[in-house]
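Participant: Sequence:
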Amino acid sequence: MNDFDNQLTRIGVFYDGNYFLKVSNYYNYEHPRKARISIGGLHNFIRHRVAKEEGKNVRACHIVDTHYFRGRLNAYDAREQNKLYHDRIFDDILMNEGVITHYLPLRNRGGKREEKGIDVWLALEAYEMTIYKQFNVLVLIACDGDYVPLVRKLNTIGTRVMLLSWDFKYLDDKTGYTRETRTSQELIDSATFPVSMHEVIDNRAHRNDSHINNLFVNSASNGDNTTSSNSYSSSSSSTASSSSFQNFNSAGNYHSINSGYSPASSMPSTSEDENVDVRQSTLLSVKNGYGFVAAPPNNLFFSHEDLRNCDFSELCEGDTVEYTIGINDRGEYATNIHKIFPEGYTSAYSDKDDYENQENSSVFSEPYNDYDGESQL
Numbered sequence: 015m016n017d018f019d020n021q022l023t024r025i026g027v028f029y030d031g032n033y034f035l036k037v038s039n040y041y042n043y044e045h046p047r048k049a050r051i052s053i054g055g056l057h058n059f060i061r062h063r064v065a066k067e068e069g070k071n072v073r074a075c076h077i078v079d080t081h082y083f084r085g086r087l088n089a090y091d092a093r094e095q096n097k098l099y100h101d102r103i104f105d106d107i108l109m110n111e112g113v114i115t116h117y118l119p120l121r122n123r124g125g126k127r128e129e130k131g132i133d134v135w136l137a138l139e140a141y142e143m144t145i146y147k148q149f150n151v152l153v154l155i156a157c158d159g160d161y162v163p164l165v166r167k168l169n170t171i172g173t174r175v176m177l178l179s180w181d182f183k184y185l186d187d188k189t190g191y192t193r194e195t196r197t198s199q200e201l202i203d204s205a206t207f208p209v210s211m212h213e214v215i216d217n218r219a220h221r222n223d224s225h226i227n228n229l230f231v232n233s234a235s236n237g238d239n240t241t242s243s244n245s246y247s248s249s250s251s252s253t254a255s256s257s258s259f260q261n262f263n264s265a266g267n268y269h270s271i272n273s274g275y276s277p278a279s280s281m282p283s284t285s286e287d288e289n290v291d292v293r294q295s296t297l298l299s300v301k302n303g304y305g306f307v308a309a310p311p312n313n314l315f316f317s318h319e320d321l322r323n324c325d326f327s328e329l330c331e332g333d334t335v336e337y338t339i340g341i342n343d344r345g346e347y348a349t350n351i352h353k354i355f356p357e358g359y360t361s362a363y364s365d366k367d368d369y370e371n372q373e374n375s376s377v378f379s380e381p382y383n384d385y386d387g388e389s390q391l
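For the record, in the sequence shown the residue sitting at position 32 is 46 according to the numbering used here, with numbers rising by one throughout.
The hints are simulated quantities; they were obtained by calculation from the structure and are not laboratory data.
Mixed in with the good hints there might be a few duds.
With a Cα cut of at most 20 Å, we get these calculated PhoX-like pairs of lysine-lysine [unchecked claim]:
| no. | residue 1 | residue 2 |
| --- | --- | --- |
| 1 | 183 | 97 |
| 2 | 48 | 167 |
| 3 | 48 | 301 |
| 4 | 147 | 167 |
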């Protein structure tokens, strides 16, 4: 083996977190794979792809730093929206994979929470860390043209940039409209190694490629609302533990190995808030992370984000649910949905007690959030 093969290639990975979660939701709910992206599997793919592009042995290519940037709700708002526990689980998942998190609070603008300043922060940190830690290759998981100046700066100091990007269409949970996310062509042209991940994944020639298949969570289950821990163990190497982000289930939402947890497992009481109008009806349809509740004369749209005491995989047509009414730009929709289970049945989503013992086997689901870098790119 020559000296070139022996020289270590240092890889830094930087996630635009909101974009990455949107990608993971797409594959979980709308793509035929019906599974989430595994961070461990993705890191393994990155190492092999860098080795191929650099003409090196994969053993000489190592991810030495991984960073995740995202805007998120403050603690009070997260608690009010039953997302505080979700955020903590996600932090645990990233921590177990050796990913360093960077958060900024979402800001209210015109009644809408927006993510501001994350792209600038990511760019500054990525450039500074590349200089001090001397990354040979920086992997950017993003699609926004705002990152073009970063890539060009990295090119001037001799750091190669691998861009992992996805183009896809998805159903916006809040509006019910189909939206499209496309990668900035200028960003693609600026990268040293642009990788169109949607093309790689959908290429039929790769259907038996273990590096591609390991990009997705193994969602095998035993059929009784519990999931074998072996089903979620990673077969690929990563920068840290192999038992964290891989532990998504194909239906999304939280689902721990033996139990899950919903911070709000009961509907709000009218005695606590006389303005809360809790209604009861049945589900007309459930599909790809969304569905409709029967509410004559019109049916009400809902998404996986509106569930409170169950996993989306536990819903079936005809199920009885309780819900409240929300308003968006298309009118009324069903939210705060609680499935009414048969007596004696316990949802895998509704028990908090086993979390401490199953921490590394938890499943995280993050709903699509507002993202500014989409179709206009």
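Participant: Hints first: check each against the structure and report whether it holds.
Facilitator: Taking the hints in turn, this is what the structure says about them:
Between the alpha carbons of residue 183 and residue 97 the distance comes to roughly 25 Å, so the proposed pair goes past 20 Å and is violated. A threshold of 20 Å between alpha carbons decides the hint, and for residue 48 with residue 167 the separation of about 38 Å lies outside it, so the pair is violated. At most 20 Å may separate the alpha-carbon atoms for a hinted pair to count; residue 48 and residue 301 meet this at roughly 11 Å. For the hint linking residue 147 to residue 167, the alpha-carbon distance of about 16 Å falls within 20 Å, and the restraint holds.
Of the numbered hints stated above, those contradicted by the structure are hints 1 and 2, listed in ascending order.
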